[in-house]
Each structure stands twice: as C-alpha cells, then as structure tokens.
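Mapping of the sequence shown onto UniProt numbering: residues 1 to 266, in sequence order.
Read the hints as simulated data drawn from the structure, not as lab findings.
It cannot be assumed that every hint is accurate.
Only pairs whose alpha carbons sit at most 30 Å apart, straight line, appear in this in silico BS3-like list of lysine-lysine [what the hints assert, rightly or not]:
| hint | residue 1 | residue 2 |
| --- | --- | --- |
| 1 | LYS82 | LYS192 |
| 2 | LYS181 | LYS251 |
| 3 | LYS192 | LYS181 |
| 4 | LYS82 | LYS251 |
| 5 | LYS162 | LYS181 |
| 6 | LYS192 | LYS3 |
| 7 | LYS3 | LYS162 |
| 8 | LYS251 | LYS192 |
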Amino acid sequence: MDKTFSSAAAAVADIPNGAFLAVGGFGLVGVPIVLIRALLAQGTADLRVVSNNCGVDGWGLGELLREGRISRVIASYIGENKDFARRYLDGELEVELTPQGTLAERLRAGGSGIPGFFTASGVGTMVAEGGLPWRYGPDGSVTVSSPPKETRMFASLRGGEKEYVLEEAIVTDYALVRAAKGDRHGNLVFEKSARNFNPVAGMAGRITIAEVDELVEPGELDPDAIHLAGIYVHRIVELSRDEAADLPIEKTTTRPRPAASVAEER
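Just need the whole structure built from these sequences, with the hints factored in.
Quick look at the structure:
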C-alpha cells in the first residue's frame, strides 16, 4: 500500500513519448511543477495534454511547451501564455478549446466510469455544431476543425423541452496533480484554491502521480478532509521545502497608498 517514490524523476520515468496526460492546476495555482520539470528533464515529447490552461510563458506546462514537447492540448482557454497562442495560430499545436465547466465534468465523468453526458453548455454554437479551429496551417487556413456533436431534446425541469449536446468523457494514460498533504496510501488534501482541476484530473488518469508539500502516515488525515481518495492515486512524491516554496504569482497588482494625514506626518 505504500505508494511513495523517492523522486519525481522515478515517478515519471515510464511516461513514454506520445502519452496522454491530465494535469491539475488553474493558472499558476496547484500546478505539479516538479513532476512537469521531471518530464522535461527526461526528454519526453509529443505529449497530448488536457488541462484548464497551459501555464504561462516559461512556467508550468509553459516549460514543456517552450521546448516543443506538447503536440496537442485540450483546454478551456489560452490564458496569459503568449507562446501557447503563437504556436496555436502558427499551426505548430493542435488545440481543442472546451467550456470550462464541461472540461471539468468530462474529466470527472472519465474517473467515474461514465462514457458521456448531455449538457446545455455550447448548444447553438460551434461547440455543438462543429467548425471550431483545432489546427491552423502555415498560411492561416484551418486544417483541422471540430466535428459536429450529437444533440438531443430533454424535458426541462421548468416545463417544455430544452436542447442538450453530448460530451464525451476524458480518460488519460497518466495524471499529474499537486496537493498540500498526502499519506502513503495516496489520499490527498488540496489547499484552498489549489483544489481546482486537481481532483478531477487525478480521477481521470489510469495512473495518477501526485506531488505533495507534506507526506504523512496513514491515519493522520481526517477522512472527512480528504479531497481525493487514494484509490485514484498510484504514486506519490514528497517535495523538498524549496520545491514546495516555488509558487510564483501570475499577476501582481498594486494600488497607491492612501495619502497620510497631517497628524500622521507629525
């Protein structure tokens, strides 16, 4: 039952070229950066990735993207990554954009053994009707487009009928997630907003690998506090203090300090 690995490099060593990965995180929050860098170091390429976004320029999944290691991305938005946008528009990268809630549910459904589901999100748009550009050619033409999806009418809870579109579940070869705490059995606890796409990404992987800030013994975690059960997690790596502290801020905003009063100045 002890699922711990001595290093991130050992935990990802069998991930081959062309693997399909689910990766947790939202922006720069909850990103499994140490596992991503281990993949980068071992030279794994032609990766197909599903994640909310693709990091930022030079950090998170952006590090793999910068080195040309990713060939296809399923995401909900381009985000702040200019390299991601450039590679997509230049035809270097195939990108399937999916509504954010739909993406989360596709991952959750995959982990729950549900092959597909109907949702109202995307009905009446190119999400359902097809034609979204997945890949561009060097001349700016669209070379690969999304196919049309099945739609169906269902009775509405408010009376009458409503149209829904069929979305397929996502199951990946591997999943990489980041948690605040984990035990040797793989039970995970995520910290605040890091509990974003991490639980559903972890559910979707056939082999799920977790990096954790703190490793504890089985029984130390409150069962009611566990966000992802160990049945979904196959490998776990404890981060060093320096690795756990590598948490950049995506956007720094400031505001002018209020003018000091005359009394305060005296």
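Q. Which hint numbers does the structure go against, in order from smallest to largest?
A. 5 and 7
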